[in-house]
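Protein chains: 2
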Amino acid sequence: MLKGWANTVRAHGSIVFIDLRDRSGIAQVVATAELAKDIKEEYVLQIEGLVRNRPPKMVNPNLATGTIEVEAKAIKIIAQAEPLPFDIKEGMNVGLPTLLDWRPLTLRNEKNQAIFKIEEAVIDSFRTTLKEMGFTEIQVPTIVPTATEGGSEVFKIDYYGRPAYLAQSPQLYKQMLVGVFERVYTLAHAYRAEPSITTRHLTEYISLDAEMGFINSWDDLMDTCEVILKNMFADVAKKCERDLRTANGVIPQITDKIPRLKMRDAQKIILERTGRDHTKEPDLDPEDEKEICQWAKENYGSELIFITHYPTKKRPFYTFPDPEDPDYTLSFDILCRGLEITTGGQRINDYQQLLGNVKKWDNKPENFALYLQAFQYGMPPEGGFAFGAERIVKQILGLENLREASLFPRDMGRIDQRLSTDKENNE
Amino acid sequence: MLKGWANTVRAHGSIVFIDLRDRSGIAQVVATAELAKDIKEEYVLQIEGLVRNRPPKMVNPNLATGTIEVEAKAIKIIAQAEPLPFDIKEGMNVGLPTLLDWRPLTLRNEKNQAIFKIEEAVIDSFRTTLKEMGFTEIQVPTIVPTATEGGSEVFKIDYYGRPAYLAQSPQLYKQMLVGVFERVYTLAHAYRAEPSITTRHLTEYISLDAEMGFINSWDDLMDTCEVILKNMFADVAKKCERDLRTANGVIPQITDKIPRLKMRDAQKIILERTGRDHTKEPDLDPEDEKEICQWAKENYGSELIFITHYPTKKRPFYTFPDPEDPDYTLSFDILCRGLEITTGGQRINDYQQLLGNVKKWDNKPENFALYLQAFQYGMPPEGGFAFGAERIVKQILGLENLREASLFPRDMGRIDQRLSTDKENNE
Numbered sequence: 125m126l127k128g129w130a131n132t133v134r135a136h137g138s139i140v141f142i143d144l145r146d147r148s149g150i151a152q153v154v155a156t157a158e159l160a161k162d163i164k165e166e167y168v169l170q171i172e173g174l175v176r177n178r179p180p181k182m183v184n185p186n187l188a189t190g191t192i193e194v195e196a197k198a199i200k201i202i203a204q205a206e207p208l209p210f211d212i213k214e215g216m217n218v219g220l221p222t223l224l225d226w227r228p229l230t231l232r233n234e235k236n237q238a239i240f241k242i243e244e245a246v247i248d249s250f251r252t253t254l255k256e257m258g259f260t261e262i263q264v265p266t267i268v269p270t271a272t273e274g275g276s277e278v279f280k281i282d283y284y285g286r287p288a289y290l291a292q293s294p295q296l297y298k299q300m301l302v303g304v305f306e307r308v309y310t311l312a313h314a315y316r317a318e319p320s321i322t323t324r325h326l327t328e329y330i331s332l333d334a335e336m337g338f339i340n341s342w343d344d345l346m347d348t349c350e351v352i353l354k355n356m357f358a359d360v361a362k363k364c365e366r367d368l369r370t371a372n373g374v375i376p377q378i379t380d381k382i383p384r385l386k387m388r389d390a391q392k393i394i395l396e397r398t399g400r401d402h403t404k405e406p407d408l409d410p411e412d413e414k415e416i417c418q419w420a421k422e423n424y425g426s427e428l429i430f431i432t433h434y435p436t437k438k439r440p441f442y443t444f445p446d447p448e449d450p451d452y453t454l455s456f457d458i459l460c461r462g463l464e465i466t467t468g469g470q471r472i473n474d475y476q477q478l479l480g481n482v483k484k485w486d487n488k489p490e491n492f493a494l495y496l497q498a499f500q501y502g503m504p505p506e507g508g509f510a511f512g513a514e515r516i517v518k519q520i521l522g523l524e525n526l527r528e529a530s531l532f533p534r535d536m537g538r539i540d541q542r543l544s545t546d547k548e549n550n551e
Numbered sequence: 125m126l127k128g129w130a131n132t133v134r135a136h137g138s139i140v141f142i143d144l145r146d147r148s149g150i151a152q153v154v155a156t157a158e159l160a161k162d163i164k165e166e167y168v169l170q171i172e173g174l175v176r177n178r179p180p181k182m183v184n185p186n187l188a189t190g191t192i193e194v195e196a197k198a199i200k201i202i203a204q205a206e207p208l209p210f211d212i213k214e215g216m217n218v219g220l221p222t223l224l225d226w227r228p229l230t231l232r233n234e235k236n237q238a239i240f241k242i243e244e245a246v247i248d249s250f251r252t253t254l255k256e257m258g259f260t261e262i263q264v265p266t267i268v269p270t271a272t273e274g275g276s277e278v279f280k281i282d283y284y285g286r287p288a289y290l291a292q293s294p295q296l297y298k299q300m301l302v303g304v305f306e307r308v309y310t311l312a313h314a315y316r317a318e319p320s321i322t323t324r325h326l327t328e329y330i331s332l333d334a335e336m337g338f339i340n341s342w343d344d345l346m347d348t349c350e351v352i353l354k355n356m357f358a359d360v361a362k363k364c365e366r367d368l369r370t371a372n373g374v375i376p377q378i379t380d381k382i383p384r385l386k387m388r389d390a391q392k393i394i395l396e397r398t399g400r401d402h403t404k405e406p407d408l409d410p411e412d413e414k415e416i417c418q419w420a421k422e423n424y425g426s427e428l429i430f431i432t433h434y435p436t437k438k439r440p441f442y443t444f445p446d447p448e449d450p451d452y453t454l455s456f457d458i459l460c461r462g463l464e465i466t467t468g469g470q471r472i473n474d475y476q477q478l479l480g481n482v483k484k485w486d487n488k489p490e491n492f493a494l495y496l497q498a499f500q501y502g503m504p505p506e507g508g509f510a511f512g513a514e515r516i517v518k519q520i521l522g523l524e525n526l527r528e529a530s531l532f533p534r535d536m537g538r539i540d541q542r543l544s545t546d547k548e549n550n551e
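The listed protein sequences derive, respectively, from chains S and L.
For the first sequence, counting from 1, position 407 maps to 531 in the numbering used here; every step adds exactly one.
For the second sequence, counting from 1, position 190 maps to 314 in the numbering used here; every step adds exactly one.
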């Protein structure tokens, strides 16, 4: 007996082929026209029948159940479905607004299911690697009293008549907890009130965050990121072989050491390669990120690259300045196939220096009192990083838009349904 | 070479005992007064030395490292700490406001660390059990367009100048995804704008949520909860033996089948036992919950009990009415040692019936359009449940206040630090 959804219903004269879908996959059912007469696509069915081998020419090597079929003896309709507004099967071809306006339905498409099985494997692998390295999993709050990283891109909450905010990251909490557990990680929701709609941003996203104390140098952080990514790509390749095929995914090429390049050196290389002079810019723009990834691939066979030493004034107040040139920081991003998937760096662990920076960045120390306390009472050299889960999935699968890698993406123009705004069609 | 925090520093004439704490535990270091002269508690140290067996009378069976000690040859101060405002070691005895006002410091206390190692094990066990049962882990949003369960206990967000809300639960999303993955679970942040401060509520808490389709009856849901709890208690007992001792935890007594009792029958038993006539009340109050748990323990040897069949008008619009008496629902809570730790039930899966209930509960169908879509296109009989992670930990450890089981608890009077409000001292 099988229970599932009628994925496809195809009549061939007096017999009907039903592809029945459940969480384990698809099974082909053969029924008489009489037994199958009322059945339409997406009906929920209970089918009793006999399993038999398919005729050799009907074997489907792409299905786990491709060598067998079920001859239906009884079919019960568990729930009906309205006629589908469009085909959701293999080759479903809808634009992004339709994909999201019909999310409960379009997620039933096998490619879309595969995207989120891969996301599950990405997250699982992150947790497993860090647990094996002695990290403690922590749960930290998202309602916060002040904007974490400064700036205005923060959502305000009405907290019993007073203002509170949605955390831009679990940053301050994971740092405080280095003083408790030494090595911590968390699967966090991060919120950014992005003032525009791009293909690379969500207003709520999944941040795979970690922080570690007693580092010998900030190289430890990058070394740890390398282990995480190698394990992640290996785990996804192994656990999601079929899902990768279904969603046209290709694991990025990762070398034993991922190339590490200073931002200023990257800008020089970009100038040489393209004539684009961005050597005075404080950050790489999306075109620069694509170009420098192309360079890394050509020169190192790596589809990933560390870009390091971002300017001090462009990074948050807690970022550790480079002792050799304090205008730059011991910080890094990892770019993968032209997109930033990770950001990290060493943090200031000296209380007086941190307090000074809070003020220098025009913040009030009293707004960071609990955070500063952790450094008043003994904090070792430490640092950490955060991986964007949706961005990793986007880059593995070559998705055009980050929204495709979020079950229910939020942006300036959408919370589940489109908001009535001028921007509504710009997704 | 060891690195860690000076947990205690005790001078005995010309030698000094330093208990050095790191994530793996505590090691006793013996140093000369000269080597240890500047060292104070919570200083971060790097100590080189020789490991040797302790004299027999100095062996400490409570420590993993209790049979050895380290004879210091060199000590380097990695970071200093200010003098501690109170003793944070074994037996730390501070009231709740102090515990929370000094959170980065009080979490370094070994009992407090143990609480969160146990919470980590609770969450891990939940995920492992469900994964083994074929559930897919999902990540769902917390910024939502409308109040999930109705009611006014919801936090409002300024979303680009228009209202949005913090999700009271992942309920609607996990249900939609039953139509996609059949069985799903998630570790969610849930937000409740509780209008008062109690020992049992947080405004942001960790909800271990699951939802499953193709149930044969709602008994499947309760059976699954039993498996989850049995595994959870066994896993915590096994993995956290030392933490349980440190935090004075006792695993609740769980029987092969947890007793299942209708709410109305519970009220009759309470009337018989106490003379308190709550038989017309639509819910159990905290005293009732304690009393009926006492009854279950006396009669079944179980510290857990299912209370079932809550009144239809007290449950959300999606709750499945009991076919034998539609004034009551196929819903349940699990009480453990007098406190609700789980809530669940079967959901309405028929589109027309669900649409009718949305209206009957005075909601606008257009506010639930995406949710309703999932049911328009074929949804099997389904249901689910949610476990409160902090509440489970509170009940295992017999904590007086739920806040002790949250790393950074939020309530009406506190976000990290106390808010200036009349309620500030009522925690």
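Keep in mind the hints are simulated off the structure, nothing from the lab.
A hint or two may mislead.
Which copy is meant is left open, because identical chains are indistinguishable; a pair holds if it fits in one copy or across any two.
Straight-line distance between alpha carbons at most 20 Å, and here's what the computed EDC-like set of lysine to aspartate or glutamate pairs gives [stated by the list, open to error]:
1) K241 <-> E256
2) K483 <-> D282
3) K488 <-> D248
4) K127 <-> D343
5) K255 <-> E158
6) K392 <-> E411
7) K280 <-> E318
8) K235 <-> D451
Compare the structure with the hints numbered earlier in the document and write down the numbers of the violated ones, lowest to highest.
Hints 2, 3, 5 and 8 contradicted; others consistent.
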